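J.: Spelled out, the chains give:
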Amino acid sequence: MKIYENTGNKDTRSGFGDGLTELGQTNKDVVALCADLTGSLKMNAFANNHPDRFFQVGIAEANMMGMAAGMTIGGKIPFTGTFANFSTGRVYDQIRQSIAYSDKNVKICASHSGLTLGEDGATHQILEDIGLMKMLPGMTVINTCDYNQTKAATLAIANLHGPVYLRFGRPKVANFTPENGTFEIGKAVLLQEGTDVTIVATGHLVWEALEAAKALNEKGISAEVINIHTIKPLDEEAIIKSVQKTGCIVTAEEHNYLGGLGESVARTLALHHPTAQEFVATNDTFGESGTPAQLLEKYGLNAENIALKAEKVIKRK
Amino acid sequence: MADTQHLKYLVTQVRRDIVRQVHAVSSGHPGGSLGCTEFLVTLYNEVMDHDPSFQMDGVNEDLFFLSNGHISPVFYSVLARAGYFPVEELSTFRKLNTRLQGHPTTHEDLPGVRIASGSLGQGMSVAIGAAATKKLNGDDKMVYTLHGDGELQEGQIWEAAMYAAANKVDNLIATVDVNGQQIDGSTDQVLALGDLSNKFKAFGWDVVTIEKGNDVDAIIDGINDAKTLSGKEKPVCILLHTEMGNGVDFMMGSHAWHGIAPNDEQLADALSQNPETLGDY
Chain G
1 MKIYENTGNK DTRSGFGDGL TELGQTNKDV VALCADLTGS LKMNAFANNH
51 PDRFFQVGIA EANMMGMAAG MTIGGKIPFT GTFANFSTGR VYDQIRQSIA
101 YSDKNVKICA SHSGLTLGED GATHQILEDI GLMKMLPGMT VINTCDYNQT
151 KAATLAIANL HGPVYLRFGR PKVANFTPEN GTFEIGKAVL LQEGTDVTIV
201 ATGHLVWEAL EAAKALNEKG ISAEVINIHT IKPLDEEAII KSVQKTGCIV
251 TAEEHNYLGG LGESVARTLA LHHPTAQEFV ATNDTFGESG TPAQLLEKYG
301 LNAENIALKA EKVIKRK
Chain W
1 MADTQHLKYL VTQVRRDIVR QVHAVSSGHP GGSLGCTEFL VTLYNEVMDH
51 DPSFQMDGVN EDLFFLSNGH ISPVFYSVLA RAGYFPVEEL STFRKLNTRL
101 QGHPTTHEDL PGVRIASGSL GQGMSVAIGA AATKKLNGDD KMVYTLHGDG
151 ELQEGQIWEA AMYAAANKVD NLIATVDVNG QQIDGSTDQV LALGDLSNKF
201 KAFGWDVVTI EKGNDVDAII DGINDAKTLS GKEKPVCILL HTEMGNGVDF
251 MMGSHAWHGI APNDEQLADA LSQNPETLGD Y
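Those sequence lines, one after another, are chains G and W. Residues in the first sequence are numbered consecutively from 1, following the UniProt record's numbering. Residues in the second sequence are numbered consecutively from 1, following the UniProt record's numbering.
There may be inaccurate statements among the hints.
Pair by pair, the computed Cβ-Cβ distance ranges are [as the list claims (entries may be wrong)]:
#1 G:N283 to W:P86: 52 to 60 Å
#2 G:L271 to W:K168: 49 to 57 Å
#3 G:G39 to W:S197: 34 to 42 Å
Simulated from the structure, these hints should not be mistaken for lab results. As the structure is a computational prediction, the values presented were derived from the model and not from experiment. C-beta atoms are modelled at their ideal positions from N, C-alpha and C, and glycine is treated no differently.
Okay, chain W solo, but in the shape it has when bound (with noise of 0.2 Å):
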């Protein structure tokens, strides 16, 4: 069983750390950050194989690539409490001069980052490309992505997936983080996804779908499924059902906060229902 306490502390500890990051810069994207918390803290410290000490071809480790970019402050957080850099650098999100860019860039040596990402669609093509070079290399590790539900309106995704499914990319676990919000309103509303699930399957990949996306015990559990299908020479998404600005509850069920930073009264309010568990930076 799971140290999952452990891992709820680390969830509050990063909620503040998004809140705190995008406060400082009256800037970024705390929304979808907060909804995929417990997933990418889950990732990176129950699930994945990876060394903190960070060599960019990541050989014999798993790999993760963030396909969504704008979720960079959850992202950075994650990293830097998982040991890649130093968590007082969070403090310097998004200001002049900073490893730790709008959004994830390999570009100032950031350890953890691979890729670029920030304009959407491209994150599967590189995972299944670094997929590929795993098994070139007799690499037996995984690769995870994580996408926007909005991202999938993207037509890459689509070239993506079809070459994944028709060269039996088995080492890849893509995962959709369906929140059904982007930024001028509901997934519905903007352009309907429609059945995600059938779509993918339709493509001849697995799914798996966790209803409860914020759930650290059921994101482990689906991950667990997720890794039994892989190796079986189909693709495997994870259909991650969570909710926007998940821990915060003034964030909570709406597109509002996709990329608005909380004033100073709505910070205090957000700190209050997120106390402090492993230290702030």
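Only chain G is shown next, with the shape it has when bound in the complex (with noise of 0.2 Å):
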């Protein structure tokens, strides 16, 4: 069995704005936008080494959202920064007509998703926003794992022409991908070959889903762990690669189960290889206050819970 070694927790927001910071010094034209979350979506040093390509733009989604679409006419990329309910939720008209029908080369860069914000509760912890993104056409959407990963994601996407949502989060997490890896939009990656389960895995539980792995490997059960980073274009091919093997599937994310990667894999199943499927995601709720660690708990989006789901889904083979 294939051992990750945490090298520290750091925050997935750190990633992208180290990203960004370096994106600052090798790309003149990324362009940034903030909506009075410089600190929160560490964009400080893009901002401070870059004062005419950074845009505050105050607390003003939808304008930002606009300009963005306004500036790629005449060849910038412009990185938009703010939580994750005020990249989606609260802009999705503008997203939909001005960046992605109007096909312009926005990136979305959304920070505080999903229920691991914690204490600030459940206006501010969307979980339906994966969902929001993959149903617009054009659109790449990209949940990323862990600090490098993040980064690298946030190098990537400057290089890819057309619209892409990035969703990362604020607590420190297990950092364990290789510093400096490469990033390849939409192509899976294989972290721990299994032959009884696979579980595929998105954001912050894909360190889960490998802790899962190792307590099921204790058990006799041997788990094959996929980290789906791009949600839209989905890898289909080695998810259909993967229960052609194992037989079953667990999805797991920090999202509803309407609308996330576990339906986009059920899809995909459903077309291409039937699979008996669980799921790991929030239940159609809202989520509320509480540190992130007591709310994966509660609403069962953590380790224990997939290796749970991992032996139900066994059993329906």
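With the hints in hand, could you dock these two chains into one complex?
T.: Written as structure tokens, this is what we have:
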């Protein structure tokens, strides 16, 4: 069994901030817009290094999305930064018309997604954003798992022409993917080979999936773990290939089961390889206040529940 | 002195294009289109420095964004007659597989369109972004927008207006079509806009009012005034007072023709009031 080392807890949003800082030096066309959350999004370094290319728009997210769309006309690559809720639900129509339908090269970068935003509670904990964004034609949807991967993804999306939703979070979590690793948009990452069950996870739940695989291994169950950082376009081939071997699958995400990764996987399998599936996701509910760890436990978004669902789905084979 | 006779011929021909487009598909928005015909004809043929061979990036060109996308019939006609695409293509307006969608889009690669619009209130933000990019690129051309007055009921407009003034976006001239009408009635009946001139001034804009917004000479003077005010650390707003349905007598004076098409008889009447000048499509 492959052992992954946590090189020290770090927040994914800092991966974004550090990636953006690097882009500031390497790509003169990159501009950044922020709606009064520069510190939270870790955009200070970019703002300080490139004041002419940083646009503080105030608490006006709709205007920010429209401006970002307009800035592409003339060749800029705008990165918008605010919380996931204000990056999607609040501005859905602006993204739909001015960015997605208008084919604009805007990178919508969203922190504080999901329950792990914590104590601020349900008003800020969006669990519907993956669904909102993946339904938009032409939108690439990425949810990264740790600091290193978020930094790599930030660099990679600057080179992809077209609208992107990049989702990351607030808490410090295990950092275990390679430093300065390559990020292939749309390409699943096989983390653990196994034969009894496939676990595909995205975002913060990738580390939990690895922990679950360890626990299952101690029980004599061999779990294959795949990191799906790109939810759209989905690496269908990697998923189908894995379930052809294991015969069952668990999907894990910090998102509502409606509209999330699990539904995309279910569609793929229904079309190509019908397979028993269990979902680790929130159950059509809003979140609430609490620490990230408490919330993940209460809503069943942790290694323990992934392992339980794995055992359950194996019985359904 | 501008060749306003040619502009007036164009205005008459564009009016014909508008009513013929909407008549052919029994749908579309003739009222606001007719009200803004003189303005858009003047902007594209007398004011803007633009290239009909069309590059999306519009570097070293003046740019125009139509924020009230429902007046697509006038936009399409003006673009076609400025050479962006063949005028014959106006006959495809709103038909299946057309580039001339009900509301303008970039999605079908129609030359001249740089942003989709239709859902209201978004064009000023887009224009501010484009204006910011022009400044970053050292491009000293202008960015123009057109908005409906009813559209100002959308909150995003005022987010954008606040931003533009606070950040000295002075390469932007935003025009509001003040026709006092919207779908459900007059703007006063639906949601009164109050004193627009003082609202924009309070937001930090310079304001130019064109009282005769259907008069080509008045429009030229007004836009020239606005251009004189540009580049002075303030965005500029033109309040363009127009008559919805202008040039077709039975479409004027009410909101009734905001979004309905003339029947055969009404079309004939409208065309008789606007004799062919430059050739129908």
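J.: Are the hints correct? Go through all of them and say.
T.: Taking the hints in turn, this is what the structure says about them:
no., hint, result
1, G:N283 to W:P86: 52 to 60 Å, "holds (56 Å)"
2, G:L271 to W:K168: 49 to 57 Å, "holds (54 Å)"
3, G:G39 to W:S197: 34 to 42 Å, "holds (39 Å)"
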